[in-house]
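Enquirer: Take a look at the letters that make up each chain.
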Amino acid sequence: MPPASLKIPATLSPDTVARLEVEARGLLRKEGEIRVDASDLESLDGLGQAFLAALNTDAERQGKKLVLQGVRPEVREALGRIPAPSKEGDAAASRPSLFEAAGGGAYSLMREWRDIALLLSESLYYSTVGFRKHKTLMPGDTVTQMIRLGSSALPIVLLLSGLIGFTLALQSGLQLSKYGAAIFLADGIGISMITEIGPLMTAVILAGRSGSAITAELATMTVQEEVAALQSMSVNPLQFLVLPRFWALSITQPLLTIASALAGVFAGAVVALLFFDISPSAFFNEVQQAVQMQYLWQMAIKSLTFSWLIVLIAAVKGLGVRGGADAVGRATTACVVTCIFAIVLADALFSFIFYL
Amino acid sequence: MARENDDTLPLRVRGLRAGYGTRVILDGVDLEVPRGEIRVILGGSGSGKSTLLRNVIGLERPWAGTVELFGAPLDWSEGRPPDDSYEKIGVLFQGGALISSLTVEENVTLPLRIRNPGLSRGLLRELARAKLRQVRMEEAGTKMPGELSGGMRKRAGLARALVTDPELLFCDEPSAGLDPVTSRSLDDLLLELRETLGITMVVITHELDSIKALADRVTYLSQGKVLFEGTLDEAARGPQEVRDFLDRKPPEPDGNAEAPMAFRLEE
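Note that the protein sequences, when read in sequence, are chains A and B. Position 126 of the first sequence, counting from 1, maps to 126 under the working numbering, and the rest follow consecutively. Position 200 of the second sequence, counting from 1, maps to 556 under the working numbering, and the rest follow consecutively.
None of these hints come from the bench; they were simulated from the model. Glycine is no exception: its CB is placed at the ideal position from the N, C-alpha and C atoms. Keep in mind that a hint or two might mislead.
[What the hints assert, rightly or not] Computed, partial: chain A to chain B, Cβ under 7 Å:
#1 80
#2 82
#3 225
#4 235
Isolated chain A, as found in the complex (with noise of 0.2 Å):
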């Protein structure tokens, strides 16, 4: 049986390469030797050179055998330019082993949870002991921070709380109700909105908005040298951007979380009336004795931890960025879903401590 044979046109076009190396390739598979007959080709562009290097370079790696027939002397020249097949293997070769990779995940992971750690005491430093020593550079800047990072997360944490203590209480009112309990429908709604939704909600709606926003921002700046070049002013970045941050969170998060456990709530008390006939004045009295002051420490707590988280994290992420714009995308998605993911780890650690 002849050897196989590919034969190569006068002109190669984008289109009759992509066909040529779907035959060759199938050619490759069944036979072990292939004659190129390339005696109408006229020239040899970067595409051709690239198609030709190629099927040489696999040729080479399945251990079977590529001739070029009839190459006329003006192609010659730039097959010559073609380097030989690498013996080498690609990319793979060089990848890390699953245990290496395995260890230096685990090791950076490690390693950012220490820069939260210290983040977390130096900023609680500068917020007690050290607060003297905080020169304060940008006096109206908490301020600015509170209205962009707390504030104007206002309307969608009433909204999405509000919908959310609706269903709520429109689900477990109707449970409640085929046993005649639907009042109950007010402990509910107001111990899980102030326990449990309310931080909650509140936690995942600022880690999207304003964990996102801190991150975007500090890793534009790191990108474009600002934060080294407030280093080499003497001027501490934590000082200088994080804590202002830090305040404004701290201070605006429990607020957001006790009015989205008020929208919840009221929302509750829109279903008890209209679907369960339960006067609001009743609902309130119920809700009055079925909350304890350890839930409202509870979701004190919750939010207080919760801003932090997002905080700390988000500053992490964002200053700690290397390379370009693309890094800053990348370091915002990481935020976003290592805050959440914190979040909810926090919360349930806090659900085993509280059910202590």
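The hints should help you fit chain B onto chain A, whose structure is shown.
Expert: Using the frame of chain A, we list chain B on its own:
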């Protein structure tokens, strides 16, 4: 503030080793810059110029070796150099690195406001105007950095670097990304500052025109080491790589001349 003895060097680097991860970028760099000199740090891309700058101005901690600014070594024992290490230096970053949320004037006076929070608003404004006049930008004081062109951003960055009257100025690629005319005027500005204020300068650049205009002496980095140090005249008689760099000759590709034909041919 008492003037230092003239024999304390503004910058002395000894045995500096630095890198990222496991990659060595600087492998034992020594550098001494005497007072009043404009020293240009040269080298191709990836030769470690920027890493050297980041280590010298205390943005990154060297693996080994010391950096002394005016005789005082940078102290890393607190995790980062103490604030007063930077008192006598100014840095012009590549893109100007103006803080984008502040106006040009606020940017220019930022280093002062940090060091002396008590300064009045009026005084700061006057100072900003004076410094901006020095870099010929007095009309742009109330603009935001985003409204400025690349050259203006650099000049504003220079005004900010000068606001504390530094004795040592670092410039990272002052002419990068500028058209030849703007780049030339920035070089002239730097020369003028040296004439009038006697500032010592360390300039990182690979623009030949800037090198020729500015350099008293050059330090050529190659593969993490100092390959050559001296005046431009001496460089013209220096190592091959330095001469090629100054003559804009690309390095010879190694062993690529006569590659054997990669294909089996048949008539």
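Enquirer: Each hint: holds or not?
Expert: Quick rundown of the hints versus the structure:
1. For residue 80 of chain A, the interface hint holds, the least distance from its beta-carbon to any beta-carbon of chain B being 6 Å, beneath 7 Å.
2. Here the hint on residue 82 of chain A is kept, as its CB sits about 5 Å from the closest CB of chain B, short of 7 Å.
3. This hint holds: residue 225 of chain A has a C-beta 4 Å from the nearest C-beta of chain B, less than the 7 Å allowed.
4. Of the supplied interface hints, the one on residue 235 of chain A holds, with its beta-carbon coming within about 5 Å of a beta-carbon of chain B, less than 7 Å.
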